[in-house]
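Novice: Sequence lines, in order, name chains A, B and C.
Every letter in the first sequence is one number past the one before it in the numbering used here, and letter 103, counting from 1, is 103.
For any residue, its number in the numbering used here is found by taking its place in the second sequence, counting from 1, and adding 586.
For any residue, its number in the numbering used here is found by taking its place in the third sequence, counting from 1, and adding 826.
Hints listed in this document are in silico derivations from the structure and should not be mistaken for laboratory results.
Hints are not guaranteed to be accurate.
Short derived list, chain B residues pointing at chain A, Cβ under 10 Å [what the hints assert, rightly or not]:
| hint | residue |
| --- | --- |
| 1 | Gly628 |
| 2 | Gly726 |
| 3 | Asn782 |
| 4 | Ala783 |
One-sided excerpt, in silico: chain A residues whose CB lies under 10 Å from chain C [unchecked claim]:
| hint | residue |
| --- | --- |
| 5 | Phe307 |
| 6 | Ser576 |
| 7 | Glu579 |
Note that the Cβ used here is the ideal one computed from N, Cα and C, for glycine as well.
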Amino acid sequence: MPRRLLLALPAVAVLAVLPLLLGAFGMTLMNYTGIYALVALGLVLLTGVGGLTSFGQAAFVGIGAYATAWYSALHGGSPWIGLVLALLLTGGTATILGLATLRLGGHLLPLSTIAWGIAIYYLFGNIETLGLHNGISGIPPIAIGPLSFNDPIASYYLIWILLGLATLFCANLLDSREGRAVRSLRGGVALAESQGIDTFRVRLEIFVLAALLAGLSGWLYAHVQRYVGPSAFDIRPSIEYLFMAMLGGAGHVAGAVVGAAAVLLLKNVVQDILPLLTQNSGQLEIVVFGSLFIVMLQNARSGIVPFIARRLPRRPPPPPIAAAPLPARPPLAAGSPLLSVAGVTKRFGGLVAVNNVGFELAAGEILGLIGPNGAGKSTMFNLITGVLKPDAGRIIFRGEDIAGMKAPRIAARGIARTFQHVKLRPSMTLLENTMLGAYVRTRAGLVAGALCLDREEERSARADALEQLRRVGLAERAHELAGNLPLGQQRVLEIARALAAAPLLIILDEPAAGLRHLEKATLADLLRALRREGLTILLVEHDMEFVMGLVDRIVVMDFGAKLAEGMPEAIRADPSVQEAYLGGVA
Amino acid sequence: MSALLEAADLQIAYGKVEAVRGVSLSMQEGQIVAVIGPNGAGKTTLLGALMGLLPSRGSILYDGVDLASLDVEQRVARGLCLVPERRELFGEMSVADNLLLGAYTHRRDRAGTRRDLDSVYQRFPVLAERSAQSAGTLSGGERQMLALGRALMARPRLLLLDEPSLGLAPLIVREIFRIVIGLRELGVSILLVEQNARAALQTADYGYVLETGEIALHGKASDLLHDPRIAATYLGGGVV
Amino acid sequence: MTVEIALLLAQDGVANGAIYVLVALGIVLIFVVTRVIFVPFGDIVAYAAMTLAAIQSGRRPGTIWLVLVLAALALLFETVSLLRRRAAHRLPRAALLYLCLPALPAAATWLLAGRTLPMAAEIALTLALVLPIAPLLYRVAFRPIADAPVLLLLIVAVALHFATSGVALLFFGPEGARPQPLTRALFDLGGIIFPGQMVVMLVGSALFSFLLFVFFGRSLTGKALRATAVNRVGARLVGIKPTTAGALAFLVASALAGISGVLIGPMTTLYYDSGFVIGLKAFVGAIIGGLVSYPLAALGALFVGLLESYAAFLDSSLKEIVVFSTLIPVLVWRSMVFGQGSEDEEEQMES
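Just chain A, with the same shape it has in the complex:
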């Protein structure tokens, strides 16, 4: 936090003296940059970080702008109460729309944003109290006591202070527990859910936050422009906001400001140049603009800020700080029953993927669940971890039936998992990926994180994650990006993340698949060390060699049913297992 302020200081200083350097036109440009950047900032969170695309942000800007215009211009009220009204209305609308649409998957969600975006736009032009297509004029400037923000320079300070605070809010948020949850959303919910994150709630939070930022922008817009009309809240400006966020670099908070400035400058340049080339410049402007957007999406998807950030030296990692340990679960007595699977069946259409399978797992044990390809191991795995719901049977974990429970709730009960196809966030550091695992052990919410009220817990989570990385032997690389690790170490990092949840049971999904001999040996040593520390492990694996020297007992599945159960050597010698693995004689 102090470091971030230090970095921002020169920028703040330049911004503070800017009115002395720029003329009236420059100030107007800066003001609109700030107003648009607020909307783009919301899109950075929503689209760039969270992966949810909205084509309707301009509608939220419109709600904010119309709310304050209606109250202050038509009813003579204070713009500050107008602000409250603007935020209440945008937040309320966003909550309702979000509750209705945020469960939509894939491309259906962005499509729904086009729909409500257009519907709200048409609404503005058809409500009589809002002045129909003429809009509302005569909006008073914002004032604090005798201080009125009615000239560009005064507005400039107001806009940019608000923008600065909003940027700080978002930057802090991204660096907190809830922010990491947002960052884990991108690229499928399986990872987030397995860490105990309620993805719907997180989506709703950032959707409403982005709408509030748009509402704030609308409030400023109305009082700086002193007039609102429906055309500013069409789908076209919505796309421009999206363009700003993507051009700036949708994953970075700074991208919002950079993108807004770049788009405004670009538009001005286009407006200046086109009339020199053609008389139809007004019409061509949008053509040029659309084409430029397409060229950018085709050739430079990551945007300006990441392009620059890659060329800057990485900041040195903060030194580790001693912190209070995170709460841990009381350890279980070795040998006490932990997991009991009984009569579990799962069908896909006519195919019975898992057929009446049962087994027991005691605390402190390593159990191997093995079988050839297509035996139903992965389905069994998904049933225990809550990704799938069994058609029949019970899965008892510490005396509670967890069959059919959703993945986040199962994670919260102390079952941590890894993925066969490694799921890490490549653009987060090893430490941040590991801290994601501690989500179930920490509590700070979005606002606490954004206002830095969570710093004590955050320090504990950081210290704990470092400790987990040390346990698995990755402590030296804690501040590198996870995407830079070779596959073997990515698997190990997933184990560190699982450990950060302080689980009672770890379930590993084919951890040896695709690993080289040496990597397998290292992994096996790590798992043995973890068992000595008293951890209970369920190992779902195809690789018999890997399983043999490691586990206490083995359950073999074939064609969806349990084929055998016993000690490793007995399983290896079992002719039915050999047949399942090597194939029958044709």
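Model the placement of chains B and C on the given structure of chain A, informed by the hints.
Specialist: Below, chains B and C alone, put in the same frame as chain A:
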């Protein structure tokens, strides 16, 4: 006699992960060659690269031609056909349509396509029975037959078969391997990727054992069949 | 509302719905084959209507320039891509496909401008001129990023719509255009008057829907398109090039857009930006149908036409709001009944 397929020093990577490293293999026209190995050894990846679905480094000569500049569709047109592990049928379309689309590269030769269709129906009578049914409604074994039939419609010279026995009951596995041997008599060469090592080696002339992306063993299939090191690869113990 | 008014509104709604059906079919076709949600589709519908109006009034439609510019751009893209792959020998074919073929109708329109032509010739000229637009847009905007996530393709499509609607304003101006009706006949059916143009619309829509159905069900080319939609890897493995299938889907869709424009043009004055709303409404219909099934998309489009007609009767200013708001409950219902849509694409591990 020059080889029909000659792959040298293939490297195939997914991002940073090298799934196949320095694999070389060769096969003659008319041969059945098996590539066996446990899960995650890189067998499917290898076929993907031979077919052009995945980028690779190293050289692949097919019938003396360097495949590097040919895309998937051009390889199909030259008689290199893949029956993938996931079958990749057109589930919502009829069995007959699936087969007709198999002949897409010969679409101008209608009479020839007709003849090919008849001979596929002869080879797989069950497909003729179900010709109007949609492919998605077929059983696992029938789907595999349809995938084979669709590949045959393209008049392959070299057929790449990925796990033809996967997920099938033992009786049907036997049937599928009988069909594979029958295909050789048609003059089709076959590169067979299988986990079912015994069945594959009994069918093939020559075998390669792939382990964690590298060739651990290769030799005449009949020798490999009784090699104790094969069982070790699958069941643990390690290849020396 | 009397029965008579209800029937009249239904008549109107079905007529509009008939056009939405064609547009929806085109949108679904492009989506299932290429995964592109082709937002500018409606703009091409508007192009067609305005081109026909321009030809009828003896002017040279701006579409000529649009096609030529697009053709030159597409040829440029193709040339660069061919040279990069060291396939210079395929340049002549590319020039023929991307420049010469699209230039033919453009040249014909240029030469014939101002002469009185039979209406069939005017329509044929319009369709031929509009036909290359969507495939050329595909080559320029979407081919370079054919493997990108659906979302990125969607954003590009929306940006492309801005360009296409700006082009419409540039070439056709802000004034509305309305081509001559295909027929001025009136039919009296039990007291209700049907304008001939409306009958032509219904018959045209039904006819081309049927032709499309035959194309997909009978011809190998149509089947190849369906195969690409059902299973892209499978299609590649039988030798169907995804890019060829994509270009073909855009070509067929372009024809549908042209026909829709010619049919709807005489019924209502179209402006440079009217296409967007037509496309979006058809699109709402297509989504109601689930974006994958042609018959369901057609039903959804008819439903939207009717909904719009009745909403306009209650309050003409409400019709857009009603149509677009309907999408949300429909989407919610679909996601509850059919579960989540496709899982979001996994983030790529950075290298």
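Novice: Next step is simple, just say for each hint if it's right about the structure.
Specialist: Verification of the supplied hints:
1. Gly628: At about 8 Å, which falls below the 10 Å cut-off, the nearest Cβ of chain A leaves the hint on Gly628(B) intact, so it holds.
2. Gly726: Holds: closest Cβ of chain A sits about 8 Å from Gly726(B), inside 10 Å.
3. Asn782: 3 Å, holds
4. Ala783: At about 5 Å, which falls below the 10 Å cut-off, the nearest Cβ of chain A leaves the hint on Ala783(B) intact, so it holds.
5. Phe307: 14 Å, violated
6. Ser576: 35 Å, violated
7. Glu579: 32 Å, violated
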